[in-house]
Amino acid sequence: MKRTINKVAIIGSGIMGSGIACHFANIGVEVLLLDIVPRELNAKEEKKGLTLENKEVRNRIVNESLNASLKSKPSPIYHQDFASRITTGNLEDDIAKVAEVDWIIEVVVERLDIKQKVFENLEKYRKPGTLITSNTSGIPIKFMNEGRSEDFKKHFCGTHFFNPPRYLRLFEIIPGPDTSKEVLEFLNDYGKKFLGKKSVIAKDTPAFIGNRIGIFSIMSLFHTVKEMDMTIEEIDKLTGPVIGRQKSATFRTVDVVGLDTLVHVANGLYENVPSDEAHDLFKLPDFIGTMMENKWLGSKTGQGFYKKVKKEDGSSEIKSLDLNTMEYRARKSASFATLEMTKTIDNVEDRFKVLVAGKDKAGEFYRKNFSALFAYVSNRIPEISDELFKIDDGMKAGFGWEHGPFQVWDAIGVEKSVEMMKAEGYDPAAWVTEMLETGVKSFYTVKNGNTYYYDIPQKKHVKIPGQDSFIILDNIRESKAVFKNSGVVVEDLGDGILNVEFRSKMNSIGGDVLDGLNKAIDLAEKEYQGLVVCNDGKNFSVGANIGMIFMMAVEQEYDELNMAIKYFQDTMMRMRYSSIPTIAAPHNMALGGGCELSLHADKVVAHAETYIGLVEFGVGVIPGGGGSKEMTVRAADTFQKDDVQLNRLRENFLTIGMAKVSTSAYEAYDTNILQKGKDIVVVNRDNQLAIAKKHALLMAENGYTQPIRRKDIKVLGKQALGAFYVGTDQMSAGKYISEHDKKIANKLAYVMAGGDLSAASYVSEQYLLDLEREAFLSLTGERKTLERIQHMLKKGKPLRN
Amino acid sequence: MKTAYIVKAYRTAIGKAPRGVFRFKRPDELAAETIEYMMEKLPEFDKSRIDDVIVGNAMPEAEQGLNVGRLISLMGLKTKDVAGMTVNRYCASGLETIAIASAKIQSGMADCIIAGGAESMSYIPMGGYKPVPNYELAKEGHEDYYWGMGLTAEAVANQYKVSREDQDEFAYNSHQKAIKAQAENRFQDQIVPITIDETYVDADGKKKTKSYTVTKDEGPRKDTSEAVLNKLRPVFADGGSVTAGNSSQMSDGAAFVMVMSEEMVKELNLEPIARMVSYTAVGVEPRIMGVGPVKAIPKALKQAGIKQDDLALIELNEAFASQSLAVIRELGLNQEVLNVNGGAISMGHPLGCTGAKLSVQIFDEMRKRNLNNKYAMVTMCVGTGQGAAGVYEFLN
Numbered sequence: 001m002k003r004t005i006n007k008v009a010i011i012g013s014g015i016m017g018s019g020i021a022c023h024f025a026n027i028g029v030e031v032l033l034l035d036i037v038p039r040e041l042n043a044k045e046e047k048k049g050l051t052l053e054n055k056e057v058r059n060r061i062v063n064e065s066l067n068a069s070l071k072s073k074p075s076p077i078y079h080q081d082f083a084s085r086i087t088t089g090n091l092e093d094d095i096a097k098v099a100e101v102d103w104i105i106e107v108v109v110e111r112l113d114i115k116q117k118v119f120e121n122l123e124k125y126r127k128p129g130t131l132i133t134s135n136t137s138g139i140p141i142k143f144m145n146e147g148r149s150e151d152f153k154k155h156f157c158g159t160h161f162f163n164p165p166r167y168l169r170l171f172e173i174i175p176g177p178d179t180s181k182e183v184l185e186f187l188n189d190y191g192k193k194f195l196g197k198k199s200v201i202a203k204d205t206p207a208f209i210g211n212r213i214g215i216f217s218i219m220s221l222f223h224t225v226k227e228m229d230m231t232i233e234e235i236d237k238l239t240g241p242v243i244g245r246q247k248s249a250t251f252r253t254v255d256v257v258g259l260d261t262l263v264h265v266a267n268g269l270y271e272n273v274p275s276d277e278a279h280d281l282f283k284l285p286d287f288i289g290t291m292m293e294n295k296w297l298g299s300k301t302g303q304g305f306y307k308k309v310k311k312e313d314g315s316s317e318i319k320s321l322d323l324n325t326m327e328y329r330a331r332k333s334a335s336f337a338t339l340e341m342t343k344t345i346d347n348v349e350d351r352f353k354v355l356v357a358g359k360d361k362a363g364e365f366y367r368k369n370f371s372a373l374f375a376y377v378s379n380r381i382p383e384i385s386d387e388l389f390k391i392d393d394g395m396k397a398g399f400g401w402e403h404g405p406f407q408v409w410d411a412i413g414v415e416k417s418v419e420m421m422k423a424e425g426y427d428p429a430a431w432v433t434e435m436l437e438t439g440v441k442s443f444y445t446v447k448n449g450n451t452y453y454y455d456i457p458q459k460k461h462v463k464i465p466g467q468d469s470f471i472i473l474d475n476i477r478e479s480k481a482v483f484k485n486s487g488v489v490v491e492d493l494g495d496g497i498l499n500v501e502f503r504s505k506m507n508s509i510g511g512d513v514l515d516g517l518n519k520a521i522d523l524a525e526k527e528y529q530g531l532v533v534c535n536d537g538k539n540f541s542v543g544a545n546i547g548m549i550f551m552m553a554v555e556q557e558y559d560e561l562n563m564a565i566k567y568f569q570d571t572m573m574r575m576r577y578s579s580i581p582t583i584a585a586p587h588n589m590a591l592g593g594g595c596e597l598s599l600h601a602d603k604v605v606a607h608a609e610t611y612i613g614l615v616e617f618g619v620g621v622i623p624g625g626g627g628s629k630e631m632t633v634r635a636a637d638t639f640q641k642d643d644v645q646l647n648r649l650r651e652n653f654l655t656i657g658m659a660k661v662s663t664s665a666y667e668a669y670d671t672n673i674l675q676k677g678k679d680i681v682v683v684n685r686d687n688q689l690a691i692a693k694k695h696a697l698l699m700a701e702n703g704y705t706q707p708i709r710r711k712d713i714k715v716l717g718k719q720a721l722g723a724f725y726v727g728t729d730q731m732s733a734g735k736y737i738s739e740h741d742k743k744i745a746n747k748l749a750y751v752m753a754g755g756d757l758s759a760a761s762y763v764s765e766q767y768l769l770d771l772e773r774e775a776f777l778s779l780t781g782e783r784k785t786l787e788r789i790q791h792m793l794k795k796g797k798p799l800r801n
Numbered sequence: 001m002k003t004a005y006i007v008k009a010y011r012t013a014i015g016k017a018p019r020g021v022f023r024f025k026r027p028d029e030l031a032a033e034t035i036e037y038m039m040e041k042l043p044e045f046d047k048s049r050i051d052d053v054i055v056g057n058a059m060p061e062a063e064q065g066l067n068v069g070r071l072i073s074l075m076g077l078k079t080k081d082v083a084g085m086t087v088n089r090y091c092a093s094g095l096e097t098i099a100i101a102s103a104k105i106q107s108g109m110a111d112c113i114i115a116g117g118a119e120s121m122s123y124i125p126m127g128g129y130k131p132v133p134n135y136e137l138a139k140e141g142h143e144d145y146y147w148g149m150g151l152t153a154e155a156v157a158n159q160y161k162v163s164r165e166d167q168d169e170f171a172y173n174s175h176q177k178a179i180k181a182q183a184e185n186r187f188q189d190q191i192v193p194i195t196i197d198e199t200y201v202d203a204d205g206k207k208k209t210k211s212y213t214v215t216k217d218e219g220p221r222k223d224t225s226e227a228v229l230n231k232l233r234p235v236f237a238d239g240g241s242v243t244a245g246n247s248s249q250m251s252d253g254a255a256f257v258m259v260m261s262e263e264m265v266k267e268l269n270l271e272p273i274a275r276m277v278s279y280t281a282v283g284v285e286p287r288i289m290g291v292g293p294v295k296a297i298p299k300a301l302k303q304a305g306i307k308q309d310d311l312a313l314i315e316l317n318e319a320f321a322s323q324s325l326a327v328i329r330e331l332g333l334n335q336e337v338l339n340v341n342g343g344a345i346s347m348g349h350p351l352g353c354t355g356a357k358l359s360v361q362i363f364d365e366m367r368k369r370n371l372n373n374k375y376a377m378v379t380m381c382v383g384t385g386q387g388a389a390g391v392y393e394f395l396n
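Residue numbers (the UniProt record's numbering), protein chains in the order written: chain A, 1 to 801; chain B, 1 to 396.
What the hints contain is simulated information worked out from the structure, not anything from laboratory work. Hints may contain errors.
Straight-line Cα separation of at most 27 Å, DSSO-like style, residue types lysine-lysine; simulated pairs [claimed, not checked]: (1) Lys48/A x Lys130/B; (2) Lys206/B x Lys47/A; (3) Lys308/A x Lys206/B; (4) Lys48/A x Lys71/A; (5) Lys302/B x Lys55/A; (6) Lys231/B x Lys48/A; (7) Lys641/A x Lys130/B; (8) Lys311/A x Lys295/A; (9) Lys308/A x Lys73/A; (10) Lys47/A x Lys222/B; (11) Lys216/B x Lys48/A; (12) Lys44/A x Lys206/B; (13) Lys226/A x Lys97/A; (14) Lys714/A x Lys130/B; (15) Lys694/A x Lys711/A; (16) Lys794/A x Lys247/A; (17) Lys47/A x Lys80/B; (18) Lys311/A x Lys343/A; (19) Lys154/A x Lys226/A; (20) Lys216/B x Lys71/A; (21) Lys139/B x Lys310/A; (22) Lys177/B x Lys73/A; (23) Lys784/A x Lys231/B; (24) Lys735/A x Lys208/B; (25) Lys422/A x Lys447/A; (26) Lys16/B x Lys139/B; (27) Lys299/B x Lys97/A; (28) Lys216/B x Lys47/A.
The structure presented is a predicted model; accordingly, all values stated were derived computationally and were not measured.
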């Protein structure tokens, strides 16, 4: 039987419940969100003369939680309009409505007795066959369905989302004793395909996979910080981006999550894993006890390991907790010679070897830390998982690590690491020794574009299941490259489709990337059917290489600069005007030039988490790679007879003028960066490239013909120009923008108006591109523009001057 | 020169825009029903003797377009015989029409004219649907000719050093005066009850109709305080002082008077309410349009041959607290007689209707205070750098 999910009920509207509700709304599912009825009126309700019978009062808890969630940042929802997909209610008046849903998810307080009561109540209304799962992070699944019917038990299991549900990709599925195989398989598939998650079927062991290893890792650092007499700044420096983990690293992350939440899970582990070899580690160190007593729980109480204090001059300063004195003091910068050595190593994977070889305290730290981690994870097999890749998946998707423990182990070398572990007093699990003895020297290997993992029972490398629908660039970069330069690798994806993968620093677009794009289009036009532009960098692209532009501008090499901009424009235009279909597949940041490339592709297949926009004002210029032109064209294409056309042009003018960046791909439809009916959104990032390829193929097979160059773009001339000049003057008089912003905006206005034409006229794209280039060049001659570019290059932030 | 008297004066309640009671009532209907009500008060009067209907309106387009004055004449008088026109001097439109009517009658071109104004800011956005500034003007640095009014209020606050605190205090007082006046039922004699038949789709998606009558101004807020006003953020400039709280409210409303020659008044045996003694409009710098009355008031007083102290009551339109205070301070206006029942900050500002609405209000208040044969003034600042002021002599 095919199962479909049209409607879900979420029981419990706390931070997790509301977050999960929003994520279902994100993917278009209708949500019923329920919570308890308040026991008494609040002051506001009393003043309004309401009683406990009023709907407004009865739904207060759920409504307040959901609204707080919708307002929180980063937003739990792709687009505020999607919130209308969520209906709220309460557990007394609306519980019968669970009969209409396809899946019930329980997200109430983590107490077994309460959960059991909720399930007992839900069973009265639940239709047989309906999925019913618990989002517990620690309570054993087997205890929760006691006393329930057979049908209930068959359709019951744990589904553990990580906070925040929209952003963290781990989705643990924990079977209960009676969960049917069909249900597990369905959830595993649904998690990936629909929720965009990394589904991991875990075992019903304490804290499952992600939290078991994650809490271990944090707790072990809590002890290390004291044992090695280090500061929290030092630990955060060593456990942050340098090893591919989040910027908030360890202690700052705990502040954000809340110390009480962490303590709750750690205590649970301490109680429930008495035979764990690291049992003592889950015992809270004294300083945590003090912090709990003092309510130093992190962001939620205003202070934790770090504290933001207001200085006398009104500016704020972040202080950090000295674990010896338990007092807040000025932050100390942490520096280590070993870290200096990794500065030139861009690829995080290549750093681990260097880090554990360090001769200083940092080296000592890494040897100790990784040894403990490797020993712990190897010993968790088969306790928490039979397959090692699930532990890596859990840490990557649930805790934002770029590399899972076994991958780091591979990067250092399995044998080498075992030596290191022994020196540090740790032993790997027996299966690791056995693996090495049989001559298998790594946990993973890549064959024919697929990743294989070491399967312990079979004692050999086995293909990781479920990757057939994916295309993994890391795995094909070497074997399928058809062209390569310093900026790109062009890979053959099969079926006549090429991919251009940016490989430049921060995936910025410079001459080499443009060469690569042209080369790829040349190749595709001659020998292939279509082209995709997709990469696995942290960001799709942060934009044009402004360092190069800065150099030419400072040297006043305006002819060269003109040529460079023209080359950029021409390349973007080739994305549109080639004989093959082109697809841009952006993810994360797609700014400036990265956005312009997407604007010119025949189709955009964007990941849902795409932050896309034309941000050129931040560096003192207008979009010069066809972006200003394209937004003019897009406005003109929406003009209707007798419509106020100027207002439509104004919206696109503001998209550029306010440097709007979408906070999701869906928001980019509002700014006309993405277009409905043409561009699409993919929720599962792993699947994005494969989907993009399919679209390229489909377009090719449908008989793609090169579009004819356009000369029919309606521009409004003076009519628009006058309105824009008045608008920018008001913004500047109101001090919302600087004089220089006004100058840039007026240059953009001139381009988007098509110049000072007496009346509305029809022009070609090249006419607009020439205006755009001219305006761009004139701005690079401005001192304040150069200051902005320089500031961005130095500090990575825009300057307002 | 003949003498022109005002013999009837009514207004609708003022609704909030764009989400107030009159969002379900078109401006032409508001105006027509006000005129109908006026006609009911003159049951014997032969409507064909009216020479013209002159309607002030600041954004004459869409529902207010197509020479809405003529349509209002047809709708309100229910006869084809009376002409109609639309007059636009922005916020002075409703006062301007009374001046035009008075002047026509004084010169013998007409004997009876209905004049006033109507505006729905719920239906038509400020600035209209398609503002298209002249590029050549903008290029020459005259962008400020087209500035939004809020920005000009900021410019006035800066140039005349009107503090945020003073603006908020002024706004608070406006509300207090209006609430007091409402509690004393000071407006009920002048307000035309407007019945609204609202057809809407209810929560279950079913079409429904409900009917209600509006007789009360929607603007004044009991719950406001200086503390609340102080918390509002400036909306027209970063770091500015003009907020939604110390600016006039956007509003919907209509107000009309009947102006008649002395001969016809005598013939019909009517009681004149007042006569317009003088009226003037002046130009000032567009970027500080709010100070328009500083120039208009002395000129109108001079035309009338009276002194500032002779004014028994003044209605100074509260476009913004900043410009109101600048005008008051520059001219030393007597605050005891100024905006005694609140102003546009609390009561609302239906642009093209305002001049007529303030006239209707001031006649009623003069009557309630028995200020027979005393002078009253209605004055306002006007967009693109203008000011207007009119002097009335109250008769009965």
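These are the hints, each one checked on the structure:
no.	hint	verdict
1	Lys48/A x Lys130/B	violated (43 Å)
2	Lys206/B x Lys47/A	violated (32 Å)
3	Lys308/A x Lys206/B	violated (54 Å)
4	Lys48/A x Lys71/A	holds (25 Å)
5	Lys302/B x Lys55/A	violated (64 Å)
6	Lys231/B x Lys48/A	holds (23 Å)
7	Lys641/A x Lys130/B	holds (14 Å)
8	Lys311/A x Lys295/A	holds (23 Å)
9	Lys308/A x Lys73/A	holds (19 Å)
10	Lys47/A x Lys222/B	holds (16 Å)
11	Lys216/B x Lys48/A	holds (23 Å)
12	Lys44/A x Lys206/B	violated (32 Å)
13	Lys226/A x Lys97/A	violated (53 Å)
14	Lys714/A x Lys130/B	holds (18 Å)
15	Lys694/A x Lys711/A	violated (32 Å)
16	Lys794/A x Lys247/A	holds (19 Å)
17	Lys47/A x Lys80/B	violated (55 Å)
18	Lys311/A x Lys343/A	violated (33 Å)
19	Lys154/A x Lys226/A	violated (48 Å)
20	Lys216/B x Lys71/A	violated (37 Å)
21	Lys139/B x Lys310/A	violated (46 Å)
22	Lys177/B x Lys73/A	violated (43 Å)
23	Lys784/A x Lys231/B	violated (36 Å)
24	Lys735/A x Lys208/B	violated (48 Å)
25	Lys422/A x Lys447/A	violated (32 Å)
26	Lys16/B x Lys139/B	violated (37 Å)
27	Lys299/B x Lys97/A	violated (73 Å)
28	Lys216/B x Lys47/A	holds (25 Å)
Checked against the numbered hints above, the structure violates hints 1, 2, 3, 5, 12, 13, 15, 17, 18, 19, 20, 21, 22, 23, 24, 25, 26 and 27; every other hint is satisfied.
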